[in-house]
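S.K.: What follows is each chain in one-letter form.
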Amino acid sequence: MPKSRRAARVALLVVGGAILAAAVYIMVRRIGLNPELDFGAGAYYYADIPEFEKKLDWDTYQAQLPFWVYVVLFLAWGALMYWVWTRMEKHTKPKHMEKLNHPAILVVDMLNDFVTGAIGCDRARAIVPATARLLAAAREKGVPVIYCNDAHLPGIDRELQIWGDHAIVGTPGAEVIPELTPQPCDFVVPKRRYSGFFQTDLDILLKELGVKTVIITGLHTHMCCRHTSADAYCLGYDVVAAKEATNSFTEEDYLGGLAYLKTCYGADAYSNDELIAAF
Amino acid sequence: MANNNNLSKLWKTEDWLAVWIGFIVILIGIVAVLTKAFDFSALTFKTWTWGEALNDAQMAKVVPLGQQFAAGAFWGKLLRTVLVLGVLFTVGAALLGEKVKKFIPAFLGVFVLAVIVRLISAEFTLNRYLEWAFWALIVGILISNTIGTPKWLKPAVKTEFYIKTGLVIMGFSVLFSNIAKFGLYGLGIAWIVTPVVILFMWWFGTKVLKMDNKPLVITMASATSVCGTSAAIATGAASNCKKDDLTMTISISIIFTVLMMALEPVIIRWTGMSPIMGGALIGGTVDSTGAVAVAGSVLGGEAEQAAVLVKMIQNILIGFIAFFVALFFATRVNRKEGQKVGAGEIWTRFPKFIIGFFIASLVASFIIQPLAGADQVKAINGVLDQYKNWAFVLAFVSIGLDTNFKDLVKQMQGGKPLWLYLVGQFFNIALTFFAVWLLLSGVLFPVPHLS
Numbered sequence: 001m002p003k004s005r006r007a008a009r010v011a012l013l014v015v016g017g018a019i020l021a022a023a024v025y026i027m028v029r030r031i032g033l034n035p036e037l038d039f040g041a042g043a044y045y046y047a048d049i050p051e052f053e054k055k056l057d058w059d060t061y062q063a064q065l066p067f068w069v070y071v072v073l074f075l076a077w078g079a080l081m082y083w084v085w086t087r088m089e090k091h092t093k094p095k096h097m098e099k100l101n102h103p104a105i106l107v108v109d110m111l112n113d114f115v116t117g118a119i120g121c122d123r124a125r126a127i128v129p130a131t132a133r134l135l136a137a138a139r140e141k142g143v144p145v146i147y148c149n150d151a152h153l154p155g156i157d158r159e160l161q162i163w164g165d166h167a168i169v170g171t172p173g174a175e176v177i178p179e180l181t182p183q184p185c186d187f188v189v190p191k192r193r194y195s196g197f198f199q200t201d202l203d204i205l206l207k208e209l210g211v212k213t214v215i216i217t218g219l220h221t222h223m224c225c226r227h228t229s230a231d232a233y234c235l236g237y238d239v240v241a242a243k244e245a246t247n248s249f250t251e252e253d254y255l256g257g258l259a260y261l262k263t264c265y266g267a268d269a270y271s272n273d274e275l276i277a278a279f
Numbered sequence: 001m002a003n004n005n006n007l008s009k010l011w012k013t014e015d016w017l018a019v020w021i022g023f024i025v026i027l028i029g030i031v032a033v034l035t036k037a038f039d040f041s042a043l044t045f046k047t048w049t050w051g052e053a054l055n056d057a058q059m060a061k062v063v064p065l066g067q068q069f070a071a072g073a074f075w076g077k078l079l080r081t082v083l084v085l086g087v088l089f090t091v092g093a094a095l096l097g098e099k100v101k102k103f104i105p106a107f108l109g110v111f112v113l114a115v116i117v118r119l120i121s122a123e124f125t126l127n128r129y130l131e132w133a134f135w136a137l138i139v140g141i142l143i144s145n146t147i148g149t150p151k152w153l154k155p156a157v158k159t160e161f162y163i164k165t166g167l168v169i170m171g172f173s174v175l176f177s178n179i180a181k182f183g184l185y186g187l188g189i190a191w192i193v194t195p196v197v198i199l200f201m202w203w204f205g206t207k208v209l210k211m212d213n214k215p216l217v218i219t220m221a222s223a224t225s226v227c228g229t230s231a232a233i234a235t236g237a238a239s240n241c242k243k244d245d246l247t248m249t250i251s252i253s254i255i256f257t258v259l260m261m262a263l264e265p266v267i268i269r270w271t272g273m274s275p276i277m278g279g280a281l282i283g284g285t286v287d288s289t290g291a292v293a294v295a296g297s298v299l300g301g302e303a304e305q306a307a308v309l310v311k312m313i314q315n316i317l318i319g320f321i322a323f324f325v326a327l328f329f330a331t332r333v334n335r336k337e338g339q340k341v342g343a344g345e346i347w348t349r350f351p352k353f354i355i356g357f358f359i360a361s362l363v364a365s366f367i368i369q370p371l372a373g374a375d376q377v378k379a380i381n382g383v384l385d386q387y388k389n390w391a392f393v394l395a396f397v398s399i400g401l402d403t404n405f406k407d408l409v410k411q412m413q414g415g416k417p418l419w420l421y422l423v424g425q426f427f428n429i430a431l432t433f434f435a436v437w438l439l440l441s442g443v444l445f446p447v448p449h450l451s
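Those protein sequences? They're chains Z and D, same order as listed. Numbering (the working numbering) for the first sequence: 1 to 279. Numbering (the working numbering) for the second sequence: 1 to 451.
Keep in mind that the hints were calculated from the coordinates and are not lab data. Note that beta-carbon positions come from the ideal geometry of N, C-alpha and C, so glycine has one too. Certain hints may be false.
Chain D is nowhere near these chain Z residues, computed Cβ spacing over 12 Å in every case [as the list claims (entries may be wrong)]: (1) Ala8; (2) Ile162; (3) Pro172; (4) Thr181; (5) Cys185; (6) Asp203; (7) Ala259; (8) Ala269; (9) Phe279.
For each label pair, taking beta carbons as the anchor points, the in silico distance ranges come out as [unchecked claim]: (10) Arg5(Z) / Trp11(D): 44 to 54 Å; (11) Arg5(Z) / Pro64(D): 36 to 46 Å; (12) Gln67(D) / Glu51(Z): 49 to 59 Å; (13) Pro50(Z) / Trp152(D): 16 to 26 Å.
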């Protein structure tokens with residue numbers, strides 16, 4: 001574990017523990033209570049406080065200005081704050097990412113069997129439009145698009161024992177889905193294991209293309225994308241994830257996959273807008 | 001066909017059903033109170049004890065459990081509560097596609113747990129610092145992480161449905177017409193500071209801590225700056241946050257409430273601040289409304305008034321803030337690829353229960369209050385408040401039943417939510433102090449007189 005993470009965890013334990021201990025101490029010693037009141041801190045809303053109106057003197061801060069002045073002031077301040085908020089969000093986007101260093105996109109297993117066939121799922125279909133948009137933008141900017149496609153040998157590849165037959169070489173299930181059909185400028189690298197690098201030409205292809213950063217897209221975030229990222233990292237490439245263009249069977253697997261890529265390979269997850277701005 | 005589909009959303013989507021159920025409860029509440037034809041109040045437990053040593057003043061409010069159970073009214077109210085909520089939620093769940101036969105026993109099961117939670121949170125010591133939200137989560141989590149949530153309960157584990165319904169009912173108690181009554185001082189302290197703190201925490205959470213989970217950030221920000229649990233429920237639902245986000249926010253907020261309600265009065269006394277300044281500071285910074293009243297009262301009557309007043313304004317602000325959070329998330333955050341957010345799309349995404357919440361609030365503020373008077377609105381809210389609480393207790397028991405403790409630990413994200421809360425709360429305290437000093441110290445403006 002890196003030093004900074006360990007320090008963060010220690011700080012969390014110390015601060016969190018101290019706060020918890022203080023809260024328990026206060027509760028056990030009954031500090032800060034008012035014995036006269038028949039409610040505690042847990043009355044969360046004004047209507048929950050017995051006889052709340054007696055605690056309010058309605059004439060205290062009596063209105064000295066017409067009603068509409070208060071309403072206008074109230075709404076004007078609210079509107080100003082909302083406007084500031086929208087400005088903040090606008091500036092959030094591409095600011096923190098500089099240009100990607102010699103990027104290429106790896107499209108992992110966007111095959112018929114994975115999307116609509118033997119092991120297809122809704123979450124796989126959900127990323128198709130975003131992936132198509134990212135790939136189109138990449139081609140336009142001259143960023144290489146490389147398909148890492150399962151092409152399994154029936155009865156031989158051991159992954160089939162776990163997942164059942166899928167993406168068998170030469171079958172329609174092993175073809176890229178029609179929406180993302182490879183273009184003449186793209187590259188296709190068949191694979192027989194989770195990783196796009198394992199016993200394939202991918203590394204030599206990336207080297208000869210001069211690629212330094214791989215953008216991981218496709219299926220599934222926590223399996224093939226993860227294994228491909230592992231090898232990419234070990235071989236010296238920088239890894240980033242396209243969070244709108246990758247997915248897993250479940251939200252947990254997807255988020256867990258992204259978190260793992262970030263933790264182990266320093267792979268930040270970016271939106272399409274951010275990536276396209278950084279090509 | 002398209003038209004049909006659009007219309008059927010009115011009775012086939014959770015949001016709209018929550019609105020209708022909320023409206024029905026509100027309507028019955030209004031009729032019951034105004035005509036006095038029948039009693040509609042829901043079950044509440046009175047304070048009881050496990051035999052703690054209490055002084056006379058405290059004992060005066062305690063009603064032994066045996067005595068509570070022996071009263072006929074108790075069982076009548078219990079029956080009414082379970083019937084009203086049971087029938088409404090069963091019809092709602094049926095329209096959402098649940099099987100009635102399976103839903104009814106499931107709902108009764110969750111309801112029994114809710115009764116246990118309300119019983120626990122009426123015990124003298126247990127309700128001093130922690131109340132139903134905490135105990136509901138604990139009861140739910142204990143069951144789901146030990147014996148496991150039984151399958152037959154699952155159809156009634158409908159957190160969002162209960163929360164949205166509770167919020168629509170709560171809308172009736174948000175009286176806009178009171179805005180003017182607070183005057184410039186009250187508005188200055190509550191309304192100037194609150195949105196600034198939210199924006200600061202948004203910036204700190206999304207940019208400095210780089211938290212991707214924006215619903216968690218906004219839920220936390222509003223819990224810190226507005227009013228703890230109730231604000232977290234409202235903005236959490238408006239931003240469609242996950243259950244674990246809500247659990248996390250509320251747990252942190254409750255723990256800090258305990259700390260702040262005990263420590264703030266001590267520190268305020270130590271600094272020698274005037275009671276009105278100290279009270280306003282407490283009102284602006286301590287999360288939970290109950291804790292504000294308690295902490296304020298420790299500093300005396302004047303401080304308590306100032307504290308509760310500021311907190312009350314924040315309570316009223318929840319509606320506005322939830323509305324704008326919903327709008328912001330519908331138009332700015334949840335933008336997906338290739339979608340343009342036009343008016344139709346905003347309408348599609350906008351959480352409809354917020355509309356129900358606002359309508360309830362407008363009806364209370366501008367129709368019922370002028371027609372029937374503030375006292376009647378208060379009486380109606382006295383009835384509705386309990387239904388709101390029952391809905392929220394059902395929701396929090398459901399959250400607990402749906403929570404995997406391991407996931408919750410994962411959700412800590414290296415402690416980011418804690419840092420967000422801590423930094424945000426310090427900012428909140430500093431800014432509220434500045435506003436309080438500016439308005440109430442007598443340096444720039446005359447100090448208002450409290451009777």
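S.K.: Determine for every hint whether it applies to the structure shown.
M.R.: Evaluation of the provided hints:
Remark: the non-interface label on alanine 8(Z) conflicts with the geometry, its nearest Cβ contact in chain D lying 6 Å away (cut-off 12 Å). Taking the minimum C-beta to C-beta distance to chain D, about 24 Å, the non-interface status of isoleucine 162(Z) holds against the 12 Å cut. Proline 172(Z), annotated as away from the interface, keeps every beta carbon of chain D farther than 12 Å; the closest lies near 27 Å. Distance check on threonine 181(Z): its Cβ is at least 19 Å (rounded) from any Cβ of chain D, clearing the 12 Å threshold; non-interface status holds.
No beta-carbon of chain D comes within 12 Å of the beta-carbon of cysteine 185(Z); the shortest separation is about 22 Å. Separation of aspartate 203(Z) from chain D is adequate, the least Cβ-Cβ distance of about 31 Å exceeding the 12 Å criterion. Its closest Cβ contact with chain D, about 9 Å, brings alanine 259(Z) to no more than 12 Å, contrary to its assignment away from the interface. The Cβ of alanine 269(Z) sits about 8 Å from the closest Cβ of chain D, inside the 12 Å cut-off, so the non-interface label is violated.
Non-interface status of phenylalanine 279(Z) relative to chain D is upheld: no Cβ of that chain comes within 12 Å, the nearest being about 16 Å off. For the hinted restraint 44 to 54 Å between arginine 5(Z) and tryptophan 11(D), the CB-CB distance of approximately 51 Å keeps it satisfied. Hint check: arginine 5(Z) to proline 64(D), Cβ distance near 54 Å, so the stated range 36 to 46 Å is violated. Separated by about 22 Å at the C-beta atoms, glutamine 67(D) and glutamate 51(Z) break the suggested range of 49 to 59 Å.
A C-beta distance of roughly 37 Å is found between proline 50(Z) and tryptophan 152(D), which places it outside the suggested range of 16 to 26 Å.
Comparing the model with each numbered hint stated earlier shows that hints 1, 7, 8, 11, 12, 13 do not hold.
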